[in-house]
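Visitor: Single-letter residue listing:
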Amino acid sequence: KQEVTQIPAALSVPEGENLVLNCSFTDSAIYNLQWFRQDPGKGLTSLLLIQSSQREQTSGRLNASLDKSSGRSTLYIAASQPGDSATYLCAVMMGGYQKVTFGTGTKLQVIP
Amino acid sequence: GAVVSQHPSWVICKSGTSVKIECRSLDFQATTMFWYRQFPKQSLMLMATSNEGSKATYEQGVEKDKFLINHASLTLSTLTVTSAHPEDSSFYICSARYRGNDEQYFGPGTRLTVT
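Heads up: the protein sequence lines correspond to chains A and B, in order. For the first sequence, position 81 matches number 81 in the working numbering, and the numbering has no gaps at all. Converting from the second sequence to the working numbering requires adding 112 to each position, the first position being numbered 1.
Hints were generated in silico from the structure; no laboratory data involved. All residues carry an ideal CB built from backbone N, CA and C; glycine is no exception. Hints are not guaranteed to be accurate.
Here are some, though not all, of the chain A residues that point toward chain B, as calculated from beta-carbon distances under 10 Å [as the list claims (entries may be wrong)]:
| no. | residue |
| --- | --- |
| 1 | Gln-6 |
| 2 | Lys-42 |
| 3 | Leu-44 |
| 4 | Val-100 |
| 5 | Val-110 |
Computed spacing ranges between beta-carbons, pair by pair [to be verified]:
| no. | chain 1 | residue 1 | chain 2 | residue 2 | range |
| --- | --- | --- | --- | --- | --- |
| 6 | B | Pro-120 | A | Pro-40 | 41 to 47 Å |
| 7 | B | Thr-192 | A | Lys-42 | 21 to 27 Å |
| 8 | B | Glu-164 | A | Gly-16 | 45 to 51 Å |
| 9 | B | Leu-180 | A | Asp-27 | 27 to 33 Å |
| 10 | A | Arg-72 | B | Ser-195 | 39 to 45 Å |
| 11 | B | Pro-198 | A | Gly-83 | 32 to 38 Å |
| 12 | B | Pro-198 | A | Arg-61 | 41 to 47 Å |
| 13 | A | Ala-10 | B | Asp-177 | 36 to 42 Å |
Based on the sequences and whatever the hints tell you, model everything.
Guide: Printed below as a string of structure tokens:
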């Protein structure tokens with residue numbers, strides 16, 4: 001059974017700092033990994049998707065890396081802004097039935 | 113970009129009634145749709161995977177007779193919570209997998225409150 005863990009569970013940083021969110025998974029035979037953000041009481045917004053054959057993806061101030069062999073992914077946020085405050089979730093998709101397992105989430109607060 | 117809608121966005125119903133939630137991919141075809149449930153301050157839990165034209169695959173512990181899923185077309189999936197009880201109150205989110213790039217696009221969610 002795939003288990004996905006995110007560390008830290010919560011993070012508070014001053015505006016402008018660069019930060020790294022971590023995601024680890026127990027079964028490395030993944031199909032892809034996706035990072036989302038969720039604002040309180042809202043749905044999910046897709047940030048980045050990394051296919052199993054890729055090592056990283058970039059979008060603006062965000063960079064996500066994937067190391068399948070070690071079962072890890074990181075989301076790097078450069079020059080953080082108060083608008084980045086949200087809960088960040090990673091989700092791992094397996095092959096076959098395409099089952100997706102979500103991580104436990106990291107709640108980020110960027111202080112002005 | 114790919115958009116997934118859900119209707120209704122929130123619903124309050126009485127215990128014992130049934131509630132239907134719709135999930136639509138507005139500008140793309142989705143061969144696979146997923147239904148998730150999220151409890152307060154917790155992550156999303158996959159309930160079931162549905163492929164167009166076939167029966168849904170339910171996760172362990174999810175009652176298929178309680179949560180009826182129908183994937184009638186490439187753009188529409190419905191989740192019906194039958195004989196709802198207060199413990200069914202939750203945030204339900206669907207997603208649709210875009211055939212072109214495998215990315216999942218999520219709906220805005222439906223908040224169900226059973227009184």
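Visitor: Now look at each hint and say whether the structure bears it out.
Guide: Hints and how they fare:
For Gln-6 (chain A), the interface hint holds, the least distance from its beta-carbon to any beta-carbon of chain B being 9 Å, beneath 10 Å. For Lys-42 (chain A), the shortest C-beta to C-beta distance to chain B is roughly 7 Å, which falls under 10 Å, so the interface hint holds. Contact between Leu-44 (chain A) and chain B, as hinted, is supported at the beta carbon level, the nearest pair being about 4 Å apart and thus within 10 Å. Nearest Cβ of chain B to the Cβ of Val-100 (chain A): about 6 Å, under the 10 Å cut. The hint holds.
Against a cut-off of 10 Å between C-beta atoms, the interface hint on Val-110 (chain A) is violated, since the closest Cβ of chain B lies about 20 Å away. At about 20 Å, the CB distance of Pro-120 (chain B) to Pro-40 (chain A) disagrees with the hint of 41 to 47 Å. One distance hint, 21 to 27 Å for the beta-carbon pair Thr-192 (chain B) and Lys-42 (chain A), holds here, with the actual separation near 24 Å. Restraint check, Glu-164 (chain B) to Gly-16 (chain A): a C-beta distance of roughly 47 Å satisfies the suggested window 45 to 51 Å.
Leu-180 (chain B) and Asp-27 (chain A) have their C-beta atoms about 30 Å apart, which keeps the hinted 27 to 33 Å range intact. Range check, Arg-72 (chain A) to Ser-195 (chain B): about 43 Å between beta-carbon atoms, so the 39 to 45 Å window is met. Separated by about 36 Å at the C-beta atoms, Pro-198 (chain B) and Gly-83 (chain A) satisfy the suggested range of 32 to 38 Å. At roughly 42 Å, the beta carbons of Pro-198 (chain B) and Arg-61 (chain A) sit within the given window of 41 to 47 Å.
Checked against the given bound of 36 to 42 Å, the beta carbons of Ala-10 (chain A) and Asp-177 (chain B), roughly 38 Å apart, stay inside it.
The structure shown violates the earlier hints numbered 5, 6.
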